[in-house]
Amino acid sequence: MIMKSINITKSHLFYPHRIKWASYHRIMANRTVAICLVLLAAMVFLALIAPWIAPYDPNDIDLKASLMSPTTEHWLGTDHLGRDILSRLLYGATTSFSIAISVVIFALTMGIILGGAAGYFSGIPDDIISRVIDLFLSFPSMIFALAIVGALGSSVLNLILALSLVHWASYARLMRGQVLSIKSNDYVSSARVMGASDCRILVKHILPNALSPVIVLATLDMGHVILSAAALSFLGLGIPPSIPEWGSMLNAGKEFMRTAPYLTLFPGMAITMTVVLFSLLGDGFREILDPESEVNGLVAS
Amino acid sequence: MLRYLSKRLAYMVATVLAVCALTFFLMNIIPGGTAELILKHTVLELEEIPTDEQIAEISSQYNLHDPLYVQFGRWLANALHGDLGDSYIQKKPVSYLLLLRLPATIMLAFTAMSIAILIGIPLGILCAVRENRFTDYLLRIVTLIGVSMPGFWLALLLILFFSVTLKLFPVAGYGELKYLVLPAVALSAHSLALTLRMVRTGMLEVMGQPYIAFAVSKGLSARYVILRHALKNALLPTITVLGMSLGHMLGGAVVIESIFSWPGVGSLLVDAISGRDIPLVLGCVLTIVGVFVTINLLVDLVYTYLDPRIRYG
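Heads up: the protein sequence lines correspond to chains A and B, in order.
Take my numbering: the final residue in the first sequence is number 301, and no numbers are missing along the way.
Take my numbering: the final residue in the second sequence is number 313, and no numbers are missing along the way.
Just chain A, same shape as in the assembly (with noise of 0.2 Å):
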């Protein structure tokens, strides 16, 4: 154990990006990151190909054959309009995913930027940026999402925005602490010394070396994402009812409780299982990658 250390900080002064390959093997002895790992990977693969692989048009209405329990024909039921639920699953997992997809990155990215910036060039840039991620962690974000999305209207896109807009600053914030403690490193001062730029400074010395941490975040944040859109579109709020989704299927479910309990079963399973994949990813990743950090503080607003 101590000698695996010590040769991935030796591989890691000469070449950074090497530690990556390091961590590839240590993801995959981790059990529960490697099952949790092939699971996410089979939904993400079934919400890829839910065209294929539905049994039904997810907006087939079929009136005649609405409300009913599991069967053979419709594995999972039917809605109030005779919606075939394991199709509407199979197409809200599209959803879902993409949407949470798109958010993490867009919001890592727009974190990682910004809080480089602020970390890397510290004085009145630093100064104006942290005030501003201070400003969007200071307030319960699902209350601001809510605004946003019933401002702009219903829409994929206007979901993706607002998320995307109150979820950044968590990782600009642990992006611009990951800079600020790995530029003081002799290694950044060696290549600056070198005559290396800025930009070359931050993409090649110092973001490799701070991925970590915000990649933990990043998976952690994917599970909070997807509770988020799907709080919002079970108030209505979220997507436009055409598009299949988890949480706008649980508002439908709802009014069918007594005579459909299914209705507002299975959705919720689907969602509850994602969540707990991706936490304990997280979990996981956080053990291998970045054992001392507490990012599990930034998740729980």
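No lab work stands behind these hints: they were computed from the structure.
Be careful, since some hints might not be right.
Said to hold, decoys possible - So, partial list: chain B residues that the calculated Cβ filter (under 8 Å) puts toward chain A:
| # | residue |
| --- | --- |
| 1 | V19 |
| 2 | I29 |
| 3 | S258 |
| 4 | I288 |
Unchecked claim - Calculated lysine-lysine pairs in the BS3-like style (CA-CA distance at most 30 Å, straight line):
| # | chain 1 | residue 1 | chain 2 | residue 2 |
| --- | --- | --- | --- | --- |
| 5 | B | K92 | B | K40 |
| 6 | B | K178 | B | K167 |
| 7 | A | K204 | A | K183 |
| 8 | B | K40 | B | K91 |
| 9 | B | K40 | A | K254 |
| 10 | B | K218 | B | K232 |
| 11 | A | K254 | B | K7 |
| 12 | B | K232 | A | K254 |
| 13 | A | K64 | A | K254 |
Even glycine gets a Cβ: it sits at the ideal position worked out from N, Cα and C.
Please build the complex by placing chain B on the supplied structure of chain A, with the hints as guidance.
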């Protein structure tokens, strides 16, 4: 300390202002829509299209022709005098509507927080004491699900089980204790799970400290050491998390309140947003964000009291 406090207060005001300003400008992004919406909700029938005269009349009545920053400035000036304007749709003063709804939300959040604390802390201690044994594993799995489960789904499951099947509690309503139980439990789940997790981690960390070993070797009972020596220090990080989870709770309350038809600020906000009732939205956002930043300031102050090592300069 005084300097820190004044800085924090100034910062709080700036935060609340910035959020209100952002909300205001976002709500107004769609041009000309406001007057039409007011008309649709008040004078007109469902499918009727408003005439230009009607729109002009409403616009001048509500000063909608002014540039946005003038409108916001006017709102702000009035708000400083305690006047949050009138709701476009309900035609009543926003502050009146808020005062009417605020007690319900406070009661709900307070109950949920109490549940989270009163159950989360003892269970967290239990987990730490029984680390890596059956109880610990079981509670950790429950916690994981509690954190990952959408609050609104838990609410639906509670209704399904306790109202529809067992008929123990009513589905929705307000006024008596029996109406409070299900929404409070649904709202508390996330914070409860977080509290449990934080107490467990904190306890495990503290239990490894030399002063605990010393207390035990002094011959103090395990109960005394856990409650008097360990818990006090383990609770510090929990308090921060509770402060943060209050934000989560205020957000969650929006959904929970609309499920249970709980007459709080959250459901008021959802109605206001669906109707694009701008003064009401601003009032709700102002209240919720104001409460949130105030409580977080209090949490930080309590922190200095509990942990004398922390000093704010």
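So, going through the hints one by one against the coordinates:
1. With 8 Å as the threshold, the beta carbon of V19 (chain B) comes within range of chain A, its nearest partner Cβ sitting at about 5 Å, so the hint holds.
2. For the restraint placing I29 (chain B) at the interface with chain A, the shortest Cβ-Cβ distance is roughly 6 Å, inside the 8 Å limit, so the hint holds.
3. Restraint check, S258 (chain B) versus chain A: the minimum CB separation of about 6 Å is within 8 Å; hint holds.
4. The interface hint given for I288 (chain B) is met, as the beta carbon of that residue sits about 5 Å from the closest beta carbon of chain A, less than 8 Å.
5. Simply put, K92 (chain B) and K40 (chain B) have alpha-carbon atoms about 17 Å apart, close enough for the 30 Å limit, and the pair holds.
6. A distance of roughly 12 Å separates the Cα atoms of K178 (chain B) and K167 (chain B); the hinted pair therefore holds under the 30 Å criterion.
7. This hinted pair checks out: K204 (chain A) and K183 (chain A) have alpha carbons roughly 12 Å apart, not beyond 30 Å.
8. Taking the CA atoms of K40 (chain B) and K91 (chain B), the gap is near 14 Å; set against the 30 Å cutoff, the hint holds.
9. Between the alpha carbons of K40 (chain B) and K254 (chain A) the distance comes to roughly 28 Å, so the proposed pair stays at or under 30 Å and holds.
10. Proximity of K218 (chain B) to K232 (chain B) is assessed by CA-CA distance (about 19 Å); at most 30 Å being required, the pair is judged to hold.
11. A hinted pair counts as satisfied when its Cα atoms are at most 30 Å apart, and K254 (chain A) with K7 (chain B) does not qualify at roughly 47 Å.
12. For the suggested pair K232 (chain B) and K254 (chain A), the alpha carbons sit about 43 Å apart, so the restraint of at most 30 Å is broken.
13. Only pairs whose Cα atoms come within 30 Å are accepted, and K64 (chain A) paired with K254 (chain A) is accepted, the gap being roughly 21 Å.
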